[in-house]
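Take 4 as the starting number for the sequence shown in our numbering and just add one per residue.
Do not take every clue at face value.
Stated by the list, open to error - Listed below are the simulated BS3-like cross-link pairs for lysine-lysine, each with C-alpha atoms no more than 30 angstroms apart in a straight line:
id : residue 1 : residue 2
1  : Lys24     : Lys155
2  : Lys263    : Lys68
3  : Lys264    : Lys48
4  : Lys48     : Lys218
No lab work stands behind these hints, which were simulated from the structure alone. No experiment lies behind these values; they were computed from the predicted model shown.
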Amino acid sequence: HSLLTDIPFQFDVITTRTGEKVQERRGTSWVVSNDSIGSLAYSGKLMQPQLVPSVVGRAMRQVEKGIIEHDACEDLYDVQVPGSGGTISRNRDYESQLQLCHEEIGEYFDCSLCNHYPNEESACKFHSDPEHGTYWERLTCVVSAGNQDVRKFAFRPIPNENRWSRYESKEAKANKSKYPAGNGNGSPSTSNSSGGEDEDIVPARIPLFPGDLVKMFAECNDVFHHAVYSSLSSGEAKKNTGDGRVSLVFKKAVDRGNGKKGHGRRGEGRRSRRYQ
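Construct the entire structure; sequences and hints are all you get.
Written as structure tokens, this is what we have:
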């Protein structure tokens with residue numbers, strides 16, 4: 004229970020797009036490693052920083068070490084972009100920065116959005132994390148922590164901005180032409196003309212177990228939405244010990260000049276007053 008007792012979770016009242024005030028279904032907490040990092044503007048609120056609990060700090064260092072070891076063994080690859088006449092090289096620029104910070108100053112990640120999903124119904128709708136590349140470095144990691152409450156994590160291309168076919172190989176496109184969806188080969192029909200879901204933005208889902216890690220980098224938050232579903236049903240082997248699920252979203256603050264990182268804290272200038 005150290006995550007629930009050590010992290011100062013709050014269930015805040017937020018304002019929806021329609022102007023309605025509702026209490027969040029999940030508990031949240033914004034924790035930082037030092038006083039130079041300010042608030043997080045997220046989900047219609049300005050989250051005031053708290054000091055990183057030691058249990059979260061240890062997890063940050065373990066994730067950094069794991070990424071360095073994993074990426075050292077992983078080959079670079081290119082993604083074919085249909086119609087572009089070329090490829091997009093996998094963006095791994097963060098690797099050298101992460102390794103240098105981890106080895107020379109002892110840390111890369113210096114802040115974390117912590118989430119507590121207390122029951123089966125609590126979830127997080129499709130969204131993208133804001134201000135990556137401006138206030139926060141583009142590498143962010145989501146750690147599934149806590150007990151055995153298993154959730155589905157999903158990505159989907161942002162409608163009208165991105166599509167799955169952008170990342171398909173020539174072989175995959177050829178197979179799609181040979182075996183179109185809904186022709187009896189086991190693929191569901193997703194054509195718009197029949198009122199079904201557009202297969203080019205249909206969510207890709209995977210169950211996350213305690214200890215699993217999702218790594219988002221480069222343009223991920225610019226062109227993809229992500230979401231956390233409610234608990235898996237008993238038919239999908241859900242196991243819940245009653246405390247819900249905790250996720251830790253590790254970030255690194257960008258120095259925007261004069262040592263300023265993050266948003267101003269409450270009472271510090273016009274920007275912070277806008278979120279009060």
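We went through each hint and held it up to the structure:
{"no.": "1", "hint": "Lys24 with Lys155", "in the structure": "27 angstroms, holds"}
{"no.": "2", "hint": "Lys263 with Lys68", "in the structure": "27 angstroms, holds"}
{"no.": "3", "hint": "Lys264 with Lys48", "in the structure": "17 angstroms, holds"}
{"no.": "4", "hint": "Lys48 with Lys218", "in the structure": "25 angstroms, holds"}
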